[in-house]
Every structure is written in C-alpha cells, then in structure tokens.
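S.K.: Residues per chain are reported as follows:
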Amino acid sequence: MYYFLVHLRVLSALVIRETSTRFGTNPGGYIWAFLDPLAHIAFLSVIFMAIAHAPALGTSFPLFFATGYIGFQFYQGMAGYLNGAVASNRSLLSYPNVAPIDTILARYILQFGTTAVVGFCVFALIGLSLRSSITIQWPFLIEAAFAGSLLALGSGLANNVLFIKYPLYEKFYGIVTRPLFMVSGIFFLPDALPHPAREVVLLNPLVHVVMLFRQGFYPEYRAIGFDAGYLYSVAFSLLFGGLLIFTSSRSILRGR
Amino acid sequence: MIRLERATKLVRMKGVSKVIINDVSFVIPRGRSIGLLGRNGAGKSTLLQIIAGTLSLDSGKVIREGKISWPLGFQGSFQGNLSGEQNVRFVARIYGVDTEELVDYVADFAELGAFYKAPVRTYSSGMKARLAFGVSMGVKFDYYLVDEITAVGDTNFKRKSQHVFKERLTDSDVIMVSHSATTLRDYCETGMVLEEGKLAYYDNIEDAIAVHERNMKRQ
Chain V
3 MYYFLVHLRV LSALVIRETS TRFGTNPGGY IWAFLDPLAH IAFLSVIFMA IAHAPALGTS
63 FPLFFATGYI GFQFYQGMAG YLNGAVASNR SLLSYPNVAP IDTILARYIL QFGTTAVVGF
123 CVFALIGLSL RSSITIQWPF LIEAAFAGSL LALGSGLANN VLFIKYPLYE KFYGIVTRPL
183 FMVSGIFFLP DALPHPAREV VLLNPLVHVV MLFRQGFYPE YRAIGFDAGY LYSVAFSLLF
243 GGLLIFTSSR SILRGR
Chain R
8 MIRLERATKL VRMKGVSKVI INDVSFVIPR GRSIGLLGRN GAGKSTLLQI IAGTLSLDSG
68 KVIREGKISW PLGFQGSFQG NLSGEQNVRF VARIYGVDTE ELVDYVADFA ELGAFYKAPV
128 RTYSSGMKAR LAFGVSMGVK FDYYLVDEIT AVGDTNFKRK SQHVFKERLT DSDVIMVSHS
188 ATTLRDYCET GMVLEEGKLA YYDNIEDAIA VHERNMKRQ
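As you go down the protein sequences, you meet chains V and R in turn.
According to the numbering used here, the first sequence is numbered sequentially starting from 3.
According to the numbering used here, the second sequence is numbered sequentially starting from 8.
Since the hints were made in silico from the structure, they are not lab data.
Where is the CB? At the ideal position from N, CA and C, for every residue including glycine.
Check the hints yourself; a few may be wrong.
Sample of chain R residues at the chain V side, in silico, Cβ under 10 Å [unchecked claim]:
| # | residue |
| --- | --- |
| 1 | Ala59 |
| 2 | Leu62 |
| 3 | Ser63 |
| 4 | Ser66 |
| 5 | Gly67 |
| 6 | Ser76 |
| 7 | Gly80 |
| 8 | Gly83 |
| 9 | Ser84 |
| 10 | Gly87 |
| 11 | Ile101 |
| 12 | Tyr102 |
For reference, chain V alone in the conformation it holds in the complex:
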C-alpha cells in the first residue's frame, strides 16, 4: 500500500513537471496543441475540396479529415512523445523514488488527456459550423483512443531502451515510420481500395484504429475489413514485448 502511494505521488509530480515543459519555451505554449491539428485539417480540406465533390463519408470535408486525424493522433502524438520519456527525465531518475516506468506513465496520461481535450474542441468547432448535427457513439471513440494509444505505449516502451542501445535503429525507425500518415487511412477509406491494395493496407494496425474511430461519427459507415482481433493481437504483442525489453533493461535506463 505504501509503495502504491509513493508511485501515485511520483506520477502526479511527473505529470505536473511534464505539463510545465510540454511545449517548451514556444511562445503560445498550449495554443500549438490546437493549432497543429486545425492547420492539418484545414490544409487537407482545401486540397481535397479542389479535386473532389464530396468526401468519402458524409458531406463535410473537415469532419472527414478531423475524424481521421484525431483518431490517428492518439497513436502518432503519443508515440513521438513517449519515445523521449526516459531520456528527457534522466536527471530526475537519480531520485530513488522515481522509476523509469513512471516517466512513461506520466507522459501517457498527459498526452492522452491532451489529445482528448484537443479532439473535443476540434469536433465542437466543426459541429458548430455544420448545419446538421453530429451523432456521436462514444464507445467507438473511447475504444479507438485506447487501442491507438496502447500501440504507441508498446512501441514507446521498447524504443526508450532500443534508441539508447542502437543509435542506428533510431534513424531506421524515423525513416520507416514517417510515411505512416499517408498509409493509415486518414484521407481515404481502405474499403474503397481495389483487391490487392486493400489487403496490404489492412496489415497496418493504425488503419483499423482510424476505422474504429470513424464508426463513432458515421453510423452509416460499415468499416468493411475492420478486424478487432488483429488490432488487439498486434497491440498486446507490442505491449508485451515492450514491457519485456523495458523491465529487463533497468540499468541502461538509469544511465549505467
């Protein structure tokens, strides 16, 4: 019980500590958390409005891209932020109370909360600008948020160790994950792709996260090809592997 209380104390201290430096010394601070998705969504909407008559789902371009972007962001924002969790708290690990896993959990909590609040505001904004009202099915959204962030948690746990051990892997990881934005079904629906391409795209678990998220906004969306079993197999395998690597590398994480 005592250890549990210490963990809670350390965790909340780390969340406060991370909150104060999340956006560094950028002027505007948290404004950037909102500007970034809004700019992406606006940019995609303008381009696609020029080349298409209607989005693949519904009638609103901004809503279509926002559902893709925010769903994806539960993975993408989290993965990028978790990868540096231990390295940017290295000096605080000289307090025996603070365990490496606490830095990961603190960032998970902060990032999840940030994406949730940003998503809420973005959809409220879009909802107000639409003539028809949006019907939201929360269970889909909550499930997609957890699935996406679990994928990021698994890879983040592994990366915190592997980036220190193999600097070359960090470069490799950067190159391989960069096109994820293009292939995760943010501005297209995998359902509409022809036969071999669709199967290939569906191998990416993030496509399933985005499909799941979109079902929360479009009741008419059938999400053909969505496979919850596949999504959770990948997510839990990653999480298991990540935990294994992370817990067996305590001395590397403490900087020895």
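Model the placement of chain R on the given structure of chain V, informed by the hints.
M.R.: Leaving out everything else, chain R in the frame of chain V:
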C-alpha cells in the same frame, strides 16, 4: 539500519568490466555517521547509488530500514529545463512534504535571488550545489548520502551550511564520500574503506583514514 547481504556489483563500461563490490556483507546501524574512503574510481559513488536504490546489484541484496536520501552530489539531480523552484516543488511532491514550506526554506537557504525562478541549466556549478544542499536539508531523512558536497559557496555560506548540517546530524546519520580528511573528521565518527571490491569497517575514523593513506602510498 542498512544491510548488504552478499552483495556483488560489476560495472561494465565499453566492454571493460570492473568489480565494485565483491560478495560484501555489511550492516550499517543507526546512530553512527560513516566516512567512506577509497581511491579514485574505486566505486564509492556507485556504492552510494546502490545504497540509495538507483542502481541494482548483480547478486545479493540490500535491506533498508528508515528514510534514505538520494546521493547528494555536485552534478545535482536537477532537470535543466525547469527552474530551481520547480525542481524544489518536484522533490517536495515525490517525498510528500509540504510544497510551499520547502520552496520558502530553499529560497531562504540557497540565496539564489532572481535565479531561483530561472532554468537550472543557466546556473553555475556553485549555484547548483547550493540548491542541491538546500533542498536536501529541507527534507528530513534518517540517512543522508553525501558525495563530496559539504564545502560549497563562500565562507559565510559554508558556515551556515555546516551549522544546519550539524543540526540535522543530531538525529540523522550520514554516509559521506570525501577526499578531505578534515571534512571526514568533522562529521564522521566511524569509517569504511573500499579497496578492490572489499569493504572494511573501522570503529574509529582515524583508523580508516590511516588505512586509506597507506593504500594510496602502496599504489
């Protein structure tokens, strides 16, 4: 009480491994302040980290009773992007002491002036050491692990910090690493010498200092 049971620790650095402690069993009872001596690179700081719990042993175990501080060293345990004050708040939160009280105590003690609210990475090493000393004196521990940090600041600051530290030592103990025999005599009654993976205990600090000096001559 701190107890090491058949503790062994190897440190690997770039393919070379070095024995820090080899099968050491040892009891550090309450009520005695201990000076830890050993040559450069013997692993004194590593031993303090093992006692604190930030490093784990290769085999054996450490049993800790009582509240033990983090190792207080020059390099400090501060996050460079946070201000001194934010770092102090962090320490207060993780040790569960009153945040405002500790912030005020350290502001008064460390004499950092306007720098208290500036990022720690802008500090000089002396300022960092003063902050480190101040924040550790503000939290009450049963054992203070001190790694060469007693003599910081100008004469006035030294006098003040010695006074506060001595006051703390009336009901806390210290395990202190220092190369200065005068400092060790000043704070510690008993001593340990770490040499080639073995830890020897001496009831009188003078004996420990004598053994250490003989070791140094032997090369």
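S.K.: Each of the hints needs a verdict: does it hold here or not?
M.R.: Each hint tested on the structure:
1. The beta carbon of Ala59 of chain R is positioned within 10 Å of a beta carbon in chain V (closest approach about 5 Å), and the interface hint is therefore held.
2. Annotation: interface hint on Leu62 of chain R holds; nearest CB of chain V at approximately 6 Å, less than 10 Å.
3. Restraint check, Ser63 of chain R versus chain V: the minimum CB separation of about 6 Å is within 10 Å; hint holds.
4. Because the smallest distance between the Cβ of Ser66 of chain R and any Cβ of chain V comes to about 14 Å, over 10 Å, the interface hint for this residue is violated.
5. For Gly67 of chain R, the shortest C-beta to C-beta distance to chain V is roughly 15 Å, which exceeds 10 Å, and the interface hint is violated.
6. Given the 10 Å rule on beta carbons, the hint for Ser76 of chain R holds: about 9 Å separates it from the nearest Cβ of chain V.
7. Because the beta carbon of Gly80 of chain R sits about 8 Å from the nearest beta carbon in chain V, less than 10 Å, this interface hint is met.
8. Interface restraint check for Gly83 of chain R: the shortest CB-CB distance to chain V comes to about 7 Å, inside 10 Å, so the restraint holds.
9. A distance limit of 10 Å between C-beta atoms decides the matter here; for Ser84 of chain R the minimum to chain V is near 4 Å, and the interface restraint holds.
10. The criterion of a C-beta within 10 Å of any C-beta in chain V is met by Gly87 of chain R, whose closest approach is roughly 7 Å, and the hint holds.
11. The beta carbon of Ile101 of chain R is positioned within 10 Å of a beta carbon in chain V (closest approach about 5 Å), and the interface hint is therefore held.
12. Taken as an interface hint, Tyr102 of chain R checks out: its beta carbon lies about 7 Å from the nearest beta carbon of chain V, inside 10 Å.
Hint violations for this structure: numbers 4, 5, all remaining hints satisfied.
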